[in-house]
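Asks: Please build the complete structure, drawing on both the sequences and the hints.
Number of protein chains: 2
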Amino acid sequence: MLIVQKYGGTSVGNCERINNITQKIIKAKKAGHQVVVVVSAMSGDTDKLVQFIQYFQHTDYPIPNPRESDVVLSSGEQITRALVAIALESQGYKAISLSGKEAGIITDGIHTKARIEQIQTDKIINLLQEDYIVIVAGFQGATTKGATTTLGRGGSDLSAVAIAGAIQADVCEIYTDVDGVYTTDPRIEPQAKKLDKISYEEMLELASMGAKVLLNRSVEMAKKLNVNLITRNSFNDNEGTLITSEENIMEQPIVSGVALDKNQARISISNLNDEPGIAAKIFESLSAHNINVDMIVQTIGRDGKTDLDFTIPKTEIALTQQILKDFSHLYDQIDCDYNIAKVSIVGVGMKSHSGVASSCFSAMAKENINIMMIGTSEIKISMIISDEYAQTAVRALHKTYNLDR
Amino acid sequence: MLIVQKYGGTSVGNCERINNITQKIIKAKKAGHQVVVVVSAMSGDTDKLVQFIQYFQHTDYPIPNPRESDVVLSSGEQITRALVAIALESQGYKAISLSGKEAGIITDGIHTKARIEQIQTDKIINLLQEDYIVIVAGFQGATTKGATTTLGRGGSDLSAVAIAGAIQADVCEIYTDVDGVYTTDPRIEPQAKKLDKISYEEMLELASMGAKVLLNRSVEMAKKLNVNLITRNSFNDNEGTLITSEENIMEQPIVSGVALDKNQARISISNLNDEPGIAAKIFESLSAHNINVDMIVQTIGRDGKTDLDFTIPKTEIALTQQILKDFSHLYDQIDCDYNIAKVSIVGVGMKSHSGVASSCFSAMAKENINIMMIGTSEIKISMIISDEYAQTAVRALHKTYNLDR
Chain A
1 MLIVQKYGGT SVGNCERINN ITQKIIKAKK AGHQVVVVVS AMSGDTDKLV
51 QFIQYFQHTD YPIPNPRESD VVLSSGEQIT RALVAIALES QGYKAISLSG
101 KEAGIITDGI HTKARIEQIQ TDKIINLLQE DYIVIVAGFQ GATTKGATTT
151 LGRGGSDLSA VAIAGAIQAD VCEIYTDVDG VYTTDPRIEP QAKKLDKISY
201 EEMLELASMG AKVLLNRSVE MAKKLNVNLI TRNSFNDNEG TLITSEENIM
251 EQPIVSGVAL DKNQARISIS NLNDEPGIAA KIFESLSAHN INVDMIVQTI
301 GRDGKTDLDF TIPKTEIALT QQILKDFSHL YDQIDCDYNI AKVSIVGVGM
351 KSHSGVASSC FSAMAKENIN IMMIGTSEIK ISMIISDEYA QTAVRALHKT
401 YNLDR
Chain B
1001 MLIVQKYGGT SVGNCERINN ITQKIIKAKK AGHQVVVVVS AMSGDTDKLV
1051 QFIQYFQHTD YPIPNPRESD VVLSSGEQIT RALVAIALES QGYKAISLSG
1101 KEAGIITDGI HTKARIEQIQ TDKIINLLQE DYIVIVAGFQ GATTKGATTT
1151 LGRGGSDLSA VAIAGAIQAD VCEIYTDVDG VYTTDPRIEP QAKKLDKISY
1201 EEMLELASMG AKVLLNRSVE MAKKLNVNLI TRNSFNDNEG TLITSEENIM
1251 EQPIVSGVAL DKNQARISIS NLNDEPGIAA KIFESLSAHN INVDMIVQTI
1301 GRDGKTDLDF TIPKTEIALT QQILKDFSHL YDQIDCDYNI AKVSIVGVGM
1351 KSHSGVASSC FSAMAKENIN IMMIGTSEIK ISMIISDEYA QTAVRALHKT
1401 YNLDR
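Which chain is which? The protein sequence lines are A and B, in order. Counting in this note's numbering, the first sequence runs from 1 upward without gaps. Counting in this note's numbering, the second sequence runs from 1001 upward without gaps.
The set of hints was computed from the structure by calculation and includes no laboratory data. Given the structure is predicted, the values throughout are model-derived calculations rather than measurements. One or more of the hints may lead you astray.
Claimed, not checked - Below 16 Å or equal to it, Euclidean Cα-Cα: the simulated EDC-like pairs (lysine to aspartate or glutamate) are:
#1 K314(A) <-> D387(A)
#2 K101(A) <-> E1102(B)
#3 K1314(B) <-> D1332(B)
#4 K224(A) <-> D196(A)
#5 K262(A) <-> D307(A)
#6 K1281(B) <-> D1337(B)
#7 K1145(B) <-> D309(A)
#8 K1048(B) <-> D45(A)
#9 K1048(B) <-> E16(A)
#10 K48(A) <-> E1102(B)
#11 K223(A) <-> E251(A)
#12 K281(A) <-> E239(A)
#13 K325(A) <-> D335(A)
#14 K1101(B) <-> D294(A)
#15 K48(A) <-> D1337(B)
#16 K145(A) <-> D108(A)
#17 K193(A) <-> E16(A)
#18 K1314(B) <-> E1284(B)
#19 K145(A) <-> D1337(B)
#20 K1094(B) <-> D60(A)
Replies: So this is what it looks like as structure tokens:
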């Protein structure tokens, strides 16, 4: 098999841990696989580098030179990629490390949040054929002109997935400090079970709602490039969770997981003029300020007036209220409810099963939980409830769909 | 003027200090000069990186992969060179930073102690013409094949001198945490004075004996490339010491400085067979083991026997004694004297003045100090004495040649 393994900052946090992950790398190599390893910087290093850069920010020059910033930011991965190669060689294995640029990761020129445009795979492929274990610095690439770039948050995962796609690896293993993807947050429901498999689509819905094993950007790229992702724990030998396409999952449960999001607030606009295009103008205006509106409910108009409810991230409340002032001649009143939670069930099996919504609402009713807003997609049902019932709701849903079995 | 400035690890040890040195850079730029800046890693960073590498040393693989080690070792300078550029730009100056490779520093392939073979200056020259302050990572270069190399101890000074020579800079300023070169160590003689000027030759003699402002490797390259070196203090605005060719120094004092070296030991071989070629064989054998023999005195032979005395670094005593066992059939006895000091006076003026040796020996006699060995060159007189008199000797010589004036 051709395997890409990616190790995050805690997995390479010091020399002992680097030695520890080499055992996993060597195990794969000994099993006869070809192995490419992508590494992050030592945990804490990138934060320290960000602080250095921020020191030089001031009002006249608020953005430190992004080209130079990327030189600073990419230095942490240069250290770890070479140390992993040294550690492997000191145990008698052929290993070589490459910068993102040397590995052929070509990006656009948007420094500090570059996008991968292309991967020139010849160097990696040749080295694998010469029996090398190839270590690549994550989080970084280079423009066609050779300037070093970095890929923004979660960039090392992205490097790994993109390389796995480009060299058509059989699997891309993402090592973190948790065992995989769970049916729900084990801190809320101790009966939560680790999933063996989950589809890209389900993972995207779960990740966007708090299961922070992988950023959506990486899952989306894995889906696009058809890369089999496995999230595993670098501190044990457990199996992890395979994230793959629906077709690869034989038994599709109706519900795969329950997600909870407590970072939303609800804005309610009362007695808004019920004319075509007014809601559109409001949402356009919010979008222009990069405010991410999630769920929207509009009541049926009566007497030329309507009520409009929607949810936004709590961090955007002040800005949202200010923007809505521009529309104050069109409505009576605005209310803001901080104390809400969004509970969602996610599962590709919903596509082929009817009655999921009703069983979900029954579960809430049985617990006397009032549902304020409902949103649905093909593979997800989300409900806004009072946040005091958040934990009760998650546990009730987890039980309803037998996720503890 | 075209100026190269080099700042060491303590001068860029944190963000405040980086901001501090930008004031010196900006001052030079504002005065109308073109400025190239060479920087070391933050003090302590390279030591930390060395420790990381050493962690992976073990008996079977005692030398961690040098190619990968150089990737690790060069990372500290990548951070500082970009931060200095960021700091300058945040104050409104055009600045750009380059890796050693980008700056055109081509070395041989001897990783971790590479030698500079060539500097391709076009990039630096073009950027200077576009009015940029150009920052270059010290201590690093690249092979013609593009592999990153490091230059070994004192490598950043070497980068600065080599660049200054290649772009024909008017001056190369080496900033450290001392004011310049002194007539002798101020901890021994409080009356020691900072020298305004000194010749390359004198500096080489002083540096090899303990005035550790600059390693000889850099002074030798400055001499070869005819670079005017100035060592200055990055923490104040004092003038520093100019190190230049003899012709540029109008008034050549007889003695420029007094040096003290307490790291030597004396080996005495008694009653060695006085046959041609025996001493040569002994010194060849020591040289083959990289033992640096400094002063040598052989008595006139009598009855087919001679006494041979020489000095070596104290760290090499055990190895030297072991090597000399191979010759034990040729002599009666070996003695080793740890408690010696080498005191030297250095000055280009000696070339044209007679009587320097006698005034020097008189000064010792006046203090009742016995001279065990004497060595001379065109610009230096060295004496081995008992180390208990080291300080007295230095102060007496300092006074004899009016170095406190």
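Asks: A separate judgement is required for each hint: does it hold in the structure or not?
Replies: Hint by hint, here is what the structure shows:
Distance hint between K314(A) and D387(A) is fulfilled; the C-alpha atoms sit about 13 Å from each other, no more than 16 Å. Under the criterion of a C-alpha separation no larger than 16 Å, the hint pairing K101(A) with E1102(B) is consistent with the structure, at around 14 Å. For a cut-off of 16 Å, the pair hint linking K1314(B) to D1332(B) is broken: about 23 Å separates their Cα positions. Note on K224(A) and D196(A): the hinted pairing is violated, with a Cα-Cα distance of about 21 Å set against a maximum of 16 Å.
Restraint check: the Cα-Cα separation between K262(A) and D307(A) comes to about 24 Å, which exceeds 16 Å; the hinted pair is violated. About 22 Å separates the Cα atoms of K1281(B) and D1337(B), which puts this hinted pair outside 16 Å; it is violated. Distance restraint check for K1145(B) and D309(A): the Cα-Cα separation of roughly 63 Å exceeds the 16 Å cut-off, and the hinted pair is therefore not satisfied. Of the supplied pair hints, the one linking K1048(B) and D45(A) holds, its CA atoms being roughly 13 Å apart against a limit of 16 Å.
Between K1048(B) and E16(A) the CA atoms are separated by roughly 15 Å; this keeps the pair inside 16 Å, and the hint holds. At most 16 Å may separate the alpha-carbon atoms for a hinted pair to count; K48(A) and E1102(B) exceed this at roughly 25 Å. At roughly 19 Å between alpha-carbon atoms, K223(A) and E251(A) are farther apart than 16 Å, so this suggested pair is violated. The hinted pair formed by K281(A) and E239(A) fails the criterion: a straight-line CA distance of about 49 Å is larger than 16 Å.
Using a Cα cut-off of 16 Å, the hinted pair K325(A) and D335(A) holds, with the two alpha carbons roughly 13 Å apart. Between K1101(B) and D294(A) the CA atoms are separated by roughly 49 Å; this puts the pair beyond 16 Å, and the hint is violated. Of the supplied pair hints, the one linking K48(A) and D1337(B) is violated, its CA atoms being roughly 51 Å apart against a limit of 16 Å. Straight-line distance between C-alpha atoms of K145(A) and D108(A) comes to about 10 Å, which keeps the hinted pair within the 16 Å bound.
As the CA atoms of K193(A) and E16(A) are separated by approximately 30 Å, the hinted pair breaks the 16 Å bound. Our distance criterion of 16 Å between C-alpha atoms is broken by K1314(B) and E1284(B), whose separation comes to about 19 Å. Restraint check for K145(A) and D1337(B): not satisfied, since their Cα atoms lie roughly 62 Å apart, outside the 16 Å limit. The hinted pair formed by K1094(B) and D60(A) meets the criterion: a straight-line CA distance of about 15 Å does not exceed 16 Å.
Checked against the numbered hints given earlier, this structure breaks hints 3, 4, 5, 6, 7, 10, 11, 12, 14, 15, 17, 18, 19; the rest are met.
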